[in-house]
Amino acid sequence: MNGPDDLVQTTIDGQLLTLPRAMAELAQLPALALTIDGTKVEVPRVSISFDPKGKVVPRVTTIYDAAVTVGVKIPILCHREYMNPVAVCRVCSVQVGYENRPAEWRLAPACYRPAEAGMVVATHHTNDRVRSAVKVLTELLMTDHPTPCAKHAAHGDCELEVLAADLAVPAPRLPRAPARRPLDTTSLVIAVDHNACILCDRCIRGCNDIRDNQVIGRMGKGYQARIAFDLNKPMGDSSCVACGECMVSCPTGALTSRTPVDTKWKEEKTAHEPLSADALAAHPLFAGVAHPFLRWNESAVVRRHFKKGEVICREGDFGSTAFYIEHGKVSIFIKAPFKHVKVRKDRGAGDKVNWGPLGLIRRFTTSLVKRDEDQRGEESEARYLAIDAPVALAYDDPVAELDAGEIFGEMTCMSFYPRSATVQATQDCTVLEILRNVLYILQRSKASRAQLEEKYRRRAIANHLRTVPIFASLLKNEAQFRAFVDYLRDRVDLLRVNPGDVIFRQGDPADSLYLVRIGFVKVTQSQPGGQHVLAYVGPGKYFGEIGLMAHLPELQGLAPPGVRSATCSALDHVDLVRVKAADFQHILERFPGVREHLAGVAVETLKQDETARRQVEANPLGDFLGQGLMNAQSLLVLDLERCTRCDECTKACADSHGGVTRLIREGLRFDKYLVTTSCRSCLDPYCMVGCPVGSIRRRNSREIIIEDWCIGCGKCAENCPYGNINMHPFKTDELAPDPANPARMLPVVRQKATTCDLCYELDGQPSCVYACPHDAAHRMSGKTLLSRVQQGRSGETRQDYEAPAAAEGALRPQG
Amino acid sequence: MIVQALHEIQHRCRYLPEAELRALAQTLAVPLHRVYEVASFYPHYRLAPPATVEVKVCRDMACHLRGSAPLRRALTAQANEIGGAPPQVAVGGVSCLGQCDRAPAVAINDQVYRGKTEAELRALVRLAAANEPLPPQHADRAPLGWKIDPYDGKPRYEALRRFIEGRDADGIINALKAADLRGMGGAGFRTHLKWSAVRAAPGNVKYVVCNADESEPGTFKDRELLRRTPYLAIEGIVLAGLVTGATKGYVYVRHEYEQEIEVLRAALAEAEAQGVCGANVLGSGSAFSVEIFVSPGGYIQGEETALLEAMEDRRGEPRNKPPFPTLSGLFGKPTVINNVETLAWVPGIVLRGGEWYSKQGVNGAAGLRFVSISGDVNAPGVYEVPFGQTVRELIFQTAGGMRDGQQLKAIASSGPSGGFIPARIARALLPEKFAKERLTPDATAYDVLDLPLDLNTVAALGGMLGAAFVVYGDRADMVEHALNCVEFYRNESCGKCVPCRMGSEKLVELLVDLRAGKLQRTELAVVGELAEAMQITSICGLGQVAPNPITSVLKYFPEELDKYLAGERSPAPSGTPLRGTRT
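Here the protein sequences come in this chain order: L and A. Residue numbers for the first sequence follow the numbering used here, beginning at 1 and rising by one. Residue numbers for the second sequence follow the numbering used here, beginning at 1 and rising by one.
Chain L on its own, in the form it takes in the complex (with noise of 0.2 Å):
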């Protein structure tokens, strides 16, 4: 039975993955011994690689990967460390024996024969069985071949060809195959020569297994076997988008390519330089990159250079590329106002109320303002920014320096967020600007990562622990906060997490603390009626606290200690950093500070979540969910059969919000009532996933607000399912040159997202309601929204708003 109970997580090489329980257990079985042509080889039992899409393939570690580890080189062409072995072209033929027994008769292929302890191997180096047995198979693939064929003529690197070279295999002494298969020119992008094809299987699984694309098969039988498109249709007739995925994977000059990959960076006019797949071989950061992989993606990477001064990205752009320095220093800061958007009562008027024609209304201002005229209590505590680089922003002084050997704007690359941060030359400099999907595969390339992570652990990490807000007691003292970092620097483990992959489930044992790096993470309780999503986690943030802190007195009886009391799952790439248990108790113990305010927050946070459970325990209308009521906290609610239309909560909202409304009178249905267009405080803030500078939160009071560090980029406006974050214009102290006018200067307009504040600065008595005249207008949860409904739907005589609890006992599925 293979149900999802039958999975577990387990961490390889830094890298979370998913394996079914028998894979795992054996993942932390200790090394095993065998030998490989004499030499002692050590590995573990499970192995992994990452496909060119940035899947992990975990695989139970082969006579192939243990050969790997210690440098004896058998040929492969069928194989790919990503890839399924399949087995089917036979050159990594070895022969298998164990320690006091005679080998085995035949050979065992070794991509696919899995390494055991007291294995004796022997390769082609040392065994002349099995050299002439891969020459012989060699021979039999070049008796077929057309040397040299597409790919050894314009590179040089056909596999085949190599291998047959490096084994020094003689002239083919077979006969050759008289019949010509045609090539197949009908694809724009793809050349197809069946006759250089040798079935090794690498485009199917690249098309199909990889990319998904489900083109590639194999048809007829025997000799007469070869690739086929759909239903065997010339490549361009077929259903194939030319991703390039089988090109890339081709070992021969069976599927070339007809076009290099041609980016639209050619027409920019800033200086740079395309980087040619030798050059990009050669670089440091790229070695151990696919070459057939960097010569398709030639273009993919651009040298740039940038005088001091340049801009080289613009916070809230967006993008789809990452930044490595190579020379130089840049700085990176936010450039938007750290200010936010005030809402004060008119000052003309006083502190007095204005009668309004229609209604009680008073008169506000809405500016935005620095942040020492206006302490918002728990949020001030933030010191530090996360943004999408290896270093935070101090809020009182927004701007760091990068150095050479630093990537930046990884997370804009990978899941398409809006730039965090404008990033300038500080110095003459040259940087790679690095396209997604080459990205992808030096994130996976074990030598590429190996070094972005030491630049992580040796630099990068002490900004990262600033921005971590459980961390924020340790800033006070620098010494302390130095030897904090440097009790996890080499301790903490850094994992990479797939979109959609599991880090933890509810009901698995508490090991570790996560702090997020890059991406967002979904927090998520099984309840009654479903998952329910309890949080987002960001930048700079951190989960898996509470199962390791269960157990202090502080949090008896609100947790079940060393469980896990939700499910975390990646919602985009994410980078994560692990504090393993042990160490993180240890930190409990050392600095108590750190513990005292995690015990805060985790009290609070459990409190919340408890109260969020129960209210969606008493509902469970399945159409009420369907709306997404059911998690909001706040809803301006508009009685339609008292409401006249009027539009004077809209009115008044604008008027207290600088003229910038934040409700629509507009939206669902329910009932007689409608559901106004207005931030409804989901208990799912999906808002707040994407924001590049963290700034869209929710309070620990449940409101969603938004930080004053806003760089107007507009993704959680564009993230509400709702429409309720509007986009607010200011004014701003620079001025810039009137397009239609340059000799003119224009003050900058800067955006802020705003979102109701159900006048949280004002009084908490939110104006749109204070302002309808006709009582039609209420605010209230989505429970109590429904608690009317079906009170109104049964005859009973209307109450009060605030619905007793004794109502909610009383709710029953309609219908």
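Read the hints as simulated data drawn from the structure, not as lab findings. Please note that a few of the clues may not be correct.
What the hints assert, rightly or not - What follows is a list of derived Cβ distance ranges for each label pair:
(1) A/Pro50 / L/Thr186: 22 to 32 Å
(2) A/Arg521 / L/Asn100: 41 to 51 Å
(3) A/Thr27 / L/Pro499: 27 to 37 Å
(4) A/Pro50 / L/Asp157: 39 to 49 Å
(5) L/Gly71 / A/Arg521: 41 to 51 Å
(6) A/Pro17 / L/Pro148: 33 to 43 Å
Every residue, glycine too, gets a C-beta built ideally from N, C-alpha and C.
Based on the hints, put chain A in the right spot on chain L.
Structure of chain A alone, referenced to chain L:
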């Protein structure tokens, strides 16, 4: 569902039209290539509209010996006479149809005829061309009083009843062990080990598959067992299921055995009616159903993992092993795969004991077996013989002696797989141990007529013992027959692994060149290297044995090569002209 759906489309349309394949992919929600890779793999499927009359002449071993090549040319000539645009009659070759005892075998519009003269066949072709129905050729279904059948033709399922009373699974496995019952499909694996492995394998979903895909040239004994005693295989399957804890059984049978499938279906229906298989086997409370899976064709499907792939709707290509099917078989579940005959022996062994079976062997061997004898003998057919019976007894007593008074030239004791063994083997060519044990010090050669046919002795000689026994008389040209056998492997290779796909083709091309007088003796050296590479690196048995016919000729019949080798003698006009290597 792909395989069954393609069967249905071909039955309806006579071939697989593209529009139907597209519709199928859509219905099953699978990519087009998934449908095409299956449709283009199996020889039974036609991707283009067929001629009105499709004539397929068997190419292999016994039929080849009995002149199927000239017969095919004659029928081709007739097709040309009939003409038409497109031609009304299409004549082609086909791999062994399992009718070697009445060679040559010819299929006309999938109706298999055996032992017909050229004139009779021409008449049938004319009939088909006139769209007249073809008369079926019925085969005898009567039981023959074999020892394997404890019920004398009247199925009583007593072994199954006895098991259900006692539930003594260990007892049955011990009986199989005492009998030393081997896999009768050719590999000779011990049956009790297979059953024990599946019984011990974890999981509550397990399967039993009866391999009735008898396709090796010269092999047709399962055909007789299926037609005359289908109930024995059924009882064996159910016993295997109950002993190992499986709940579902399949009979994987080659589609050309139409009459046998019909008999099997009737026997299965009767067994179901008696409660022998179904939701509650003979009131035992155990559920075990049996289903027939008709193969989409191809010799390779007899390889047990290729067979599983076909049942799972994929190209019938053998899997890499391990894991073995006993641990991960059909749909990844533990699976017993046994040959028809192996399963058919089980009821007798259960009822009479393992010793009863093992004691029937002669010359030191244990047990009984069925052998299919064909080629240059007077009475080809299926015989129940003891293990250890000598070649002399088999040819001259059992099979009525050599045909047309020929001298014995060679035997193929496992169809083409084991290569050819000559009538006399010079001492120098015998394995040293074998020579020491079997020859007097002054004897210069070993008379193969003395060879006891049991697994160990034939293996000691360097040969293989299978269910096919093909006899070659002195008129046979061994180089030509080697080519015939190698062509069979080339035609039937699935193409998955390089050594077999490329090696089998290149062996054919080499032999064609040899017979055309284009090769020097030195150029034959590569055959040895190629054969060794195929034997030790191919995924499955097909590629591993494919070179045996030619290596055995190089070893035992070097003088037969002389007349073909360039520069040694002028090429002699041979009996059968060359066929093209590609069709």
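Going down the list of hints, with the structure as the test:
| no. | hint | result |
| --- | --- | --- |
| 1 | A/Pro50 / L/Thr186: 22 to 32 Å | holds, 29 Å |
| 2 | A/Arg521 / L/Asn100: 41 to 51 Å | holds, 43 Å |
| 3 | A/Thr27 / L/Pro499: 27 to 37 Å | holds, 32 Å |
| 4 | A/Pro50 / L/Asp157: 39 to 49 Å | holds, 46 Å |
| 5 | L/Gly71 / A/Arg521: 41 to 51 Å | holds, 43 Å |
| 6 | A/Pro17 / L/Pro148: 33 to 43 Å | holds, 41 Å |
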